[in-house]
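Spelled out, the chains give:
There are 2 protein chains.
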Amino acid sequence: MKILILGAAGMIGRKLLDRLALPHALGTPIDEVLLHDLVEPAPPAGLPFPTRSFSGDYAAPGVAERLLETRPEVIFHLASIVSGDAEARFEEGYRVNLDGSRMLFEAIRSLPDYRPRLVYTSSLAVFGPPYPAEIDDDFLCAPASSYGVQKAMVELLIADYSRKSFLDGVVIRLPTICVRPGRPNAALSSFFSGIIREPLNGLEAILPVEDKVRHWLASPRAAIGYLLHAATIDTASLGARRSLNMPGVSVTVGEQIEALRRFAGAGAAALIRRQPDPVISAIVGSWPQRFAPVRALGLGFAGDADFDAILRTYVDEELNGRVDLQRTA
Amino acid sequence: MKILILGAAGMIGRKLLDRLALPHALGTPIDEVLLHDLVEPAPPAGLPFPTRSFSGDYAAPGVAERLLETRPEVIFHLASIVSGDAEARFEEGYRVNLDGSRMLFEAIRSLPDYRPRLVYTSSLAVFGPPYPAEIDDDFLCAPASSYGVQKAMVELLIADYSRKSFLDGVVIRLPTICVRPGRPNAALSSFFSGIIREPLNGLEAILPVEDKVRHWLASPRAAIGYLLHAATIDTASLGARRSLNMPGVSVTVGEQIEALRRFAGAGAAALIRRQPDPVISAIVGSWPQRFAPVRALGLGFAGDADFDAILRTYVDEELNGRVDLQRTA
Chain R
1 MKILILGAAG MIGRKLLDRL ALPHALGTPI DEVLLHDLVE PAPPAGLPFP TRSFSGDYAA
61 PGVAERLLET RPEVIFHLAS IVSGDAEARF EEGYRVNLDG SRMLFEAIRS LPDYRPRLVY
121 TSSLAVFGPP YPAEIDDDFL CAPASSYGVQ KAMVELLIAD YSRKSFLDGV VIRLPTICVR
181 PGRPNAALSS FFSGIIREPL NGLEAILPVE DKVRHWLASP RAAIGYLLHA ATIDTASLGA
241 RRSLNMPGVS VTVGEQIEAL RRFAGAGAAA LIRRQPDPVI SAIVGSWPQR FAPVRALGLG
301 FAGDADFDAI LRTYVDEELN GRVDLQRTA
Chain F
1 MKILILGAAG MIGRKLLDRL ALPHALGTPI DEVLLHDLVE PAPPAGLPFP TRSFSGDYAA
61 PGVAERLLET RPEVIFHLAS IVSGDAEARF EEGYRVNLDG SRMLFEAIRS LPDYRPRLVY
121 TSSLAVFGPP YPAEIDDDFL CAPASSYGVQ KAMVELLIAD YSRKSFLDGV VIRLPTICVR
181 PGRPNAALSS FFSGIIREPL NGLEAILPVE DKVRHWLASP RAAIGYLLHA ATIDTASLGA
241 RRSLNMPGVS VTVGEQIEAL RRFAGAGAAA LIRRQPDPVI SAIVGSWPQR FAPVRALGLG
301 FAGDADFDAI LRTYVDEELN GRVDLQRTA
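As given, the protein sequences belong to chains R and F, one line each in that order. For the record, in the first sequence the residue sitting at position 82 is 82 according to the numbering used here, with numbers rising by one throughout. For the record, in the second sequence the residue sitting at position 37 is 37 according to the numbering used here, with numbers rising by one throughout.
Excised from the complex, chain R in its bound form (with noise of 0.2 Å):
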């Protein structure tokens, strides 16, 4: 089986590709990947297959037709520009996550005799409030930003696309990942990892919203879990509705401070320094808190069991499942 990885350079891209080293991660053996990022994704060494990496502007003409030479059985499509840059750049974001996504689903279109296997990987964003107790499976796509649209527009054309079989798709809605490995970055979700992530680490981190607001978090092997899964389900039983909201723990700040507590004392809680910010405390209140994700579960997707089990997973992959509990103390 070979497999296409558009995006392959990010957190989950590169974490996807360590997954897929290990036996049995498809069940069916890989003859190769291919590696695909604006920027040229450097594989680890020692990986179980051959591995080629390219780089560029995957919505420029030509570049999917290049990458679908050699008809990759699977593709994970998880190219796209980001939230805040594809609300400050109008029509970048729609040339790079509408457009983009739009051309390599023509060139998939174009091949005779090609029907590979797309998984999509979609965002909260594609939800607005307001919102009931709980988000169903049956509740609309009314995005609150330019890269909700986007997404949500690729959701349909996947489902299109899918329904004429020209490709057979699978879009996983992600909860927001939690605990991100590295360092802070410009996403306004970021310290839903950084008042964990920090402390572990023995660093001070910010928390600009209250203890009382709740979001939906999954760990990022969870997440590789669902693209895995998603590469493999029968999608039968899927019709023309193939997007799924993902699994995901549903925690208070206050509560995923609490998780911290209890891992690693009160002392790595004091680590968190409360700075209240009004505009991301709006932002971050207008996110989905809770859903019912009760196709996915059905059809097999496993999620993280509680935050507690999310904490330990940065742990154990991130930190070599062990915290200097000195230095937090």
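It cannot be assumed that every hint is accurate.
[Stated by the list, open to error] Computed list of lysine to aspartate or glutamate pairs in EDC-like fashion (alpha-carbon distance at most 16 Å, straight line): (1) K212(F) to D113(F); (2) K15(R) to D211(R); (3) K164(F) to E73(R); (4) K2(F) to D85(F); (5) K164(F) to E318(R); (6) K164(F) to D85(R); (7) K164(R) to D85(F); (8) K164(R) to E87(F); (9) K164(R) to E91(F); (10) K2(R) to E73(R).
If you're looking for bench data, these hints aren't it; they were derived computationally from the structure.
Since the structure of chain R is already known, use the hints to place chain F on it.
Same frame as chain R, now just chain F:
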């Protein structure tokens, strides 16, 4: 006020123009109406405002810019390739219904200090089964056709362009229009009108589905009322949710026939010939049957009272209020 009607040669476009000619149709004097369609619209004589007619492909480069030269304050965007055509001609459907609309919105965005009211006619085709017993305003768009996907994508664009204040959009999702005047057309929904229209004109009508089939209907008069109301409502309360399910009448085919019998007698009803078609029955059976259009009603969109009223509207508007009961007795 200057008005642009895209798709002006169609049944809705022509009736809209007639209605605009009545006093106080929009509450503001009308200075000019621009009419565009694939074939040149031929406005009736005696209109109380000047018109200019344009013909051609509205999705061709430069056309939208030309139509916006005089900066119409209200744009009625009724233009589209119909459902069956969009399904048969995949590329052409996306080019006209999606790309044409996007080019129009981009042309609007490119004009400084210009933010027209844009009224877009969407469709029940944005929905797909399975449905709840009554579809509420939060129900997802899961189209079962390329046409529905294109409509849903344009809806998302209008929401985003409105949120960014590039235009001021109102999307009205019209029920199936009944009773359509004229002759049967290729639409699968044609019989909903045909079983009333043909008998009232002394002609036989074919009914390809069972009497128990239920659907969501509105008269042409109600639809024009929705268009005018959408052109004038205060959009401040709409937020990012610019798409509104329009009021309609939920009625079974059997109830339609009963209304015909009440109005025109058993002889009229006897002109309906039952000729079940499993293919048509299956497709029509996948259409929505009933809505709870709470938002639209709250915004003052007012529909038909019942199916008897829909039938009388046809008789009033198309038969000058008289049916030759001799002929249908």
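Verification of the hints:
Taking the CA atoms of K212(F) and D113(F), the gap is near 53 Å; set against the 16 Å cutoff, the hint is violated. Note on K15(R) and D211(R): the hinted pairing is violated, with a Cα-Cα distance of about 30 Å set against a maximum of 16 Å. Our distance criterion of 16 Å between C-alpha atoms is broken by K164(F) and E73(R), whose separation comes to about 39 Å. Distance check on the hinted pair: K2(F) and D85(F) sit about 32 Å apart at the alpha-carbon level, beyond 16 Å; violated.
Between the alpha carbons of K164(F) and E318(R) the distance comes to roughly 40 Å, so the proposed pair goes past 16 Å and is violated. Proximity of K164(F) to D85(R) is assessed by CA-CA distance (about 15 Å); at most 16 Å being required, the pair is judged to hold. With a CA separation close to 15 Å, the supplied pair K164(R) and D85(F) stays within the 16 Å bound. Only pairs whose Cα atoms come within 16 Å are accepted, and K164(R) paired with E87(F) is accepted, the gap being roughly 9 Å.
Annotation: proposed proximity of K164(R) to E91(F) holds, straight-line Cα distance about 12 Å (limit 16 Å). Using a Cα cut-off of 16 Å, the hinted pair K2(R) and E73(R) holds, with the two alpha carbons roughly 6 Å apart.
In this structure, the earlier hints numbered 1, 2, 3, 4 and 5 are contradicted, and the remaining ones agree with it.
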